[in-house]
Amino acid sequence: MSELSLAAIVQALGGELYADSDLRINGLASLEAATPSQLSFVSNPRYQQQLRHSQAACVIVSPQLKDEALLRGACIVSEQPYLYFAKVTQLWRKTLLANASSDDSKRPLIHPSAVIEPGASVHPTARVGALCVIERGAQIGAMTELKSRVTVGENCVVGDRCLLHSGVVIGADGFGFAPDGDRWEKMEQLGSVRIGDDVEIGANSCVDRGALQDTVIEDGVKLDNLIQVGHNVRIGKNTAIAGCVGIAGSATIGAQCTIGGGAIVLGHLHIADHVHISAATVVSKSVSKPGHYTGFFPLDDNASWERNAVTLKQLHRLRDRIKQLELEVKK
Amino acid sequence: MSELSLAAIVQALGGELYADSDLRINGLASLEAATPSQLSFVSNPRYQQQLRHSQAACVIVSPQLKDEALLRGACIVSEQPYLYFAKVTQLWRKTLLANASSDDSKRPLIHPSAVIEPGASVHPTARVGALCVIERGAQIGAMTELKSRVTVGENCVVGDRCLLHSGVVIGADGFGFAPDGDRWEKMEQLGSVRIGDDVEIGANSCVDRGALQDTVIEDGVKLDNLIQVGHNVRIGKNTAIAGCVGIAGSATIGAQCTIGGGAIVLGHLHIADHVHISAATVVSKSVSKPGHYTGFFPLDDNASWERNAVTLKQLHRLRDRIKQLELEVKK
Amino acid sequence: MSELSLAAIVQALGGELYADSDLRINGLASLEAATPSQLSFVSNPRYQQQLRHSQAACVIVSPQLKDEALLRGACIVSEQPYLYFAKVTQLWRKTLLANASSDDSKRPLIHPSAVIEPGASVHPTARVGALCVIERGAQIGAMTELKSRVTVGENCVVGDRCLLHSGVVIGADGFGFAPDGDRWEKMEQLGSVRIGDDVEIGANSCVDRGALQDTVIEDGVKLDNLIQVGHNVRIGKNTAIAGCVGIAGSATIGAQCTIGGGAIVLGHLHIADHVHISAATVVSKSVSKPGHYTGFFPLDDNASWERNAVTLKQLHRLRDRIKQLELEVKK
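Chains as they are written, first to last, in the working numbering: chain A, 2 to 332; chain B, 2 to 332; chain C, 2 to 332.
Some clues are possibly wrong.
It does not matter which identical chain is used: a pair holds within one copy or between any two.
25 Å max Cα-Cα, derived DSS-like pairs, lysine-lysine [claimed, not checked]: (1) 324 with 314; (2) 332 with 67; (3) 290 with 331; (4) 290 with 314; (5) 187 with 238; (6) 290 with 238; (7) 95 with 187; (8) 286 with 314.
No wet-lab data here; the hints were simulated from the structure. Given the structure is predicted, the values throughout are model-derived calculations rather than measurements.
Make the full structure from the sequences, and use the hints.
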């Protein structure tokens, strides 16, 4: 069983340790689930109650909760317990990998089943999983990892330290057709995709190549699973987008934005930096002011929804009737 | 051409046969489409009219429709005609497989192109399709079938008699990051995925591994295509979820629920047993009472929608104007 | 660097050339982005201003803009500049392919890593990319191209000149189960998928096989990425559907329709020809009249949305209060 001493954690990540430094943990868990040999954290002062009753071997807390935590037992104090815990998960994963298989280091970086076309360029430190396809002219940066069954299309560029999950498709054709009477004539998609550094893209997500210019995902962007990014889209630095979001062609999204799951962003519009879009919301116009935006129909029992939905289709007329009433009452 | 005698069907599945037991059918079809050599069914007494005019060789009916059916010709009487027909589809498929290729039985259970990492465990009766990836520590249960191009990630467990369709990704990382100033620090996803018995998962659907604990899909769950299941989600027994649904992290969904296509379930909430969510509905709060819930904007012609949508943004103020009118009229 | 003379373009595609016919371009670009050696187009008379300031070597314009274009420099006049430009992108792509790799013609049409089961039929002119799976009985038509990692299931038929992007799954089981007490009994999906000619299907999209009859995609249909097409659906000629759309089982969609991204079409309904559905709209009833239909909640700042969403749940009662007021005011 893998173990890590609290001393080793604090040595690697900083923070003040209030515990027997020989104490070793054998896992990470939430406050409620933690066993007496696991490390946990509390990021929100509201969870004082759970803190008090946690069985955890040690808890990562903010300075404000230090006294409370000490009453319970061992703790590590950090200004940002959640961030600290994230780094602990990374340390713990490395420990697991080191212990789990001594032969892990012998694994080839490029799985023998991957198809890498001549003219593709894969950095010697990059990892390419089973059954990936890297087409000619594509570039994969340093320390980047492609899990299994990822396609990176012709001439597409993936930066350093990226993580692309299984089933991702980078550089399929954007959706572009010119009407020719009843039928559609294909607009060949001549651009490519440029993905910056430290980008993560979730399973089965797609980023289409640009029509003429490139589709661009800037540094630090995080995309969840089953996301569609249309051609010529640009997503700014560190923006995080949850699962099942669709972004139509030529939309530009600023930096430091968040977009909730299942949202739809229409094409050819602009979202400013620091905009937060709720889940399941449709962005049908540009959003120029930072802030939090929402738009979805509230859940209701089906019968109530039906009544209200029917009435909603008369809403404009209801407004006119209110206006009329106001006129009559004034008289 | 494959054939099956009605006698063989009744022998295998029960039911009362009112027909020449030597009668053989060569296919299954709906009431309207059935030819005089095909078997059909009627599950709803409302379809009496179609029953009367059906060309089918034989029709599966409930006891209430028996007399009606006999006027037309051959029938099989069963308490649950739709369920009976489902079992006939299974019997028919076996017949087709048996006839189609005598060499089918010689096919290896594990396709030679599949990548099965050392340390993965595949039950000797499981079937693994072309170009699948089964990572180390993963377990595939008895009689389970993975169609082509399925990934089952490290340490993920799939139970017995499951069916995973092409492109499914089990065990990609959940979407977890801690903010570190402007950028995101990855929260390593240390849990795995546990899938029970008799689970079906549709094409290109994704089930993410848990952050600390496991993501759990209980026995008998049916997931359609292009569904996203976030980390730490739990889906209860026999719940059925239609295509394009997104379920955010740490949501728990009860047993015997149904969720319509394109619905979005937000994170960290709870849906009770026996809850039915309509298609395209957003579940933004926990639902503690069994029932049928809905919430989507009703379709309208575009011009009407525009007028009503604009007015909807003033709805709260309209309510205030109604209140005001009520006060004035009372005076 | 690839080059193409304007004379060669006009010779291939028609149009009137007003320029030195020896003039050669080395790329295509939008009006704003075009360098002095690139070809551009203007499809909308509103872009006169951009036309005037474009650096492009030559611009494709309609007859109405010819004089305006000549003031600036070289132009090609065509009745339909956008369609003309689409054809130029195709010509340009051929030029790039011809120049890029003299050994492209030596590439095998069927990638050696593709898995083609015995009994599948692939036309000698079809192209099958890396790591595709074509199951027995499937048929791939002339000049059709499957990019990497496409699955075409048993007995499914893909017509001529189709383009299927990476990760597409044709012929997974439709979602069909009969309730058996608490559990579900599988309805075997015995139909297949028939895809016409000139169909394009985007990355990671899925078309399920029919339950009894076939799922049908007619000629000229264009599907974007991450689209779900349920069993027994029929999509009419030349209909174009944007990304993330879900179409439930047994829906029939007419010819010459367009459906915006993220829309949901419920099952067992019919959409007529020439219907245009906006993005993120739920089609919950049949649409029998051609036209433009919409239904999504308008975006708002979160606080306003909350107030309006709460009020929306009382809308039916608000209508009753308006009725009441009208009665009282009349008195």
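A quick look at each hint next to the structure:
In the homo-oligomer, the alpha carbons of residue 324 and residue 314 lie at most 25 Å apart both inside one protomer (18 Å) and across protomers (16 Å), since each shortest distance falls under that limit. Proximity of residue 332 to residue 67 under the C-alpha cut-off of 25 Å is found in neither arrangement, the shortest distances being 68 Å within a copy and 61 Å between copies. Taking CA atoms no more than 25 Å apart as the test, residue 290 paired with residue 331 passes in neither setting, with 39 Å inside one copy and 43 Å between copies. Only between protomers do residue 290 and residue 314 lie at most 25 Å apart by alpha-carbon distance; the minimum there is 18 Å, versus 30 Å within a single protomer.
In this assembly of identical chains, the alpha carbons of residue 187 and residue 238 lie at most 25 Å apart only when taken from different copies (16 Å versus 32 Å within one copy). In this assembly of identical chains, the alpha carbons of residue 290 and residue 238 lie at most 25 Å apart only when taken from the same copy (17 Å versus 42 Å across copies). For a Cα distance limit of 25 Å, the shortest separation of residue 95 from residue 187 across copies, 13 Å, qualifies, whereas the shortest one inside one copy, 48 Å, does not. Within a single copy, residue 286 and residue 314 get their C-alpha atoms as close as 22 Å, and across copies as close as 15 Å, so both meet the 25 Å cut-off.
The earlier numbered hints that this structure contradicts are 2, 3.
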